[in-house]
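Chemist: Sequence:
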Amino acid sequence: MRDGFEWLEIALDYRCNLRCLGCRACDGGDERLAAADALAILRGARARGVAKLWIGGGEPTLRPELPKLIAAARSLGFERVLLQTNGLRLAYASYAAAIVDAGLTDVSFNVKSLRAEVNDALTRTEGSQALLLEGIANVAAVARGQGVRLAADVLLCRDTAPDLAETVRAFAARGITRFTLWLLSAADSDDPEVARAVPRLDQLTGPIADAGRVADALGVELVSLHTPPCTLAPSDRPRYLPARSLRLLVVDPSGRSFPLESSPFEGGVYPEPCRACPVRESCGGARADYLRLHGDDALNPPGT
Numbered sequence: 020m021r022d023g024f025e026w027l028e029i030a031l032d033y034r035c036n037l038r039c040l041g042c043r044a045c046d047g048g049d050e051r052l053a054a055a056d057a058l059a060i061l062r063g064a065r066a067r068g069v070a071k072l073w074i075g076g077g078e079p080t081l082r083p084e085l086p087k088l089i090a091a092a093r094s095l096g097f098e099r100v101l102l103q104t105n106g107l108r109l110a111y112a113s114y115a116a117a118i119v120d121a122g123l124t125d126v127s128f129n130v131k132s133l134r135a136e137v138n139d140a141l142t143r144t145e146g147s148q149a150l151l152l153e154g155i156a157n158v159a160a161v162a163r164g165q166g167v168r169l170a171a172d173v174l175l176c177r178d179t180a181p182d183l184a185e186t187v188r189a190f191a192a193r194g195i196t197r198f199t200l201w202l203l204s205a206a207d208s209d210d211p212e213v214a215r216a217v218p219r220l221d222q223l224t225g226p227i228a229d230a231g232r233v234a235d236a237l238g239v240e241l242v243s244l245h246t247p248p249c250t251l252a253p254s255d256r257p258r259y260l261p262a263r264s265l266r267l268l269v270v271d272p273s274g275r276s277f278p279l280e281s282s283p284f285e286g287g288v289y290p291e292p293c294r295a296c297p298v299r300e301s302c303g304g305a306r307a308d309y310l311r312l313h314g315d316d317a318l319n320p321p322g323t
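Position in the sequence shown (from 1) plus 19 gives the number in the numbering used here.
Think of the hints as simulated: they come from the structure by calculation, not from any bench.
Careful, some of the hints might be misleading.
Stated by the list, open to error - Derived DEER-like restraints, expressed as beta-carbon distance ranges:
1) Pro257 - Tyr114: 33 to 41 Å
2) Gly96 - Asp315: 42 to 50 Å
3) Gly63 - Ser281: 13 to 21 Å
4) Leu312 - Leu260: 18 to 26 Å
5) Leu95 - Arg275: 18 to 26 Å
All C-beta atoms in this analysis are idealised placements derived from N, C-alpha and C, irrespective of residue type, glycine included.
Please build the complete structure, drawing on both the sequences and the hints.
Modeler: Listed below in structure tokens is the structure:
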């Protein structure tokens, strides 16, 4: 394991109980990270000073040993243990209580929209919005007084962008205190439905600005991955979160490790408009799949 990382993300496997538009996690085959191997990776990370653990996937709540893994991570000295989840299994109150009691410090829910019809169309699972809301309520109930932070990873696509500000308002009212915006990816996808759903970056400038104003008024945090600062309103550029700023090492179900920013899902491409950009060194660049669909004319670096 390489040094210099603040976060370790482990993807235990790529199984999921949803089939979301654009998500290829479920196509990842039968590879799985055994519990014993995961524990060995955690020990190695702690020996190198990594103190924050991100448990992703796939859907990690499908692994029966998850509460024990969380407890083991805390006993090894991980100060933060974050679960990234679609929230469906957390609709069972007893399960939500079990993972919080195991020592979870952060839960980040995958959120599409405040509108159930939009959410369920994107997850391709009727009723998934209702279960997500139950899951959030259950975690919020058991987390009170325990300092557990509730966050949301919000999908940006053509169907979710128009309601982004109201989505932030609705989920903040349910206890979410941090919103991270994720642009829908068409990487490795030839599905025309996915391609149609990926918005142009300049179509997101207004919705992100509106959502940012709502977040600021409510006292919650809003940051954005995959939207280079030149595509945001000047007042929103500090919201941009380049992947490399997380200092996160990913370990996939095969045991392969890589820095988050090296993933094609995170950017890394600097087309011609970026050549003379004065903030290029602090920008993660654009994603190749986005440029394939829309080109680079939405990129407008300052001073170019």
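Chemist: Each hint should be assessed against the structure and marked as holding or not.
Modeler: Results of checking the hints against the structure:
no.: 1; hint: Pro257 - Tyr114: 33 to 41 Å; verdict: holds, 37 Å
no.: 2; hint: Gly96 - Asp315: 42 to 50 Å; verdict: holds, 45 Å
no.: 3; hint: Gly63 - Ser281: 13 to 21 Å; verdict: holds, 20 Å
no.: 4; hint: Leu312 - Leu260: 18 to 26 Å; verdict: holds, 22 Å
no.: 5; hint: Leu95 - Arg275: 18 to 26 Å; verdict: holds, 22 Å
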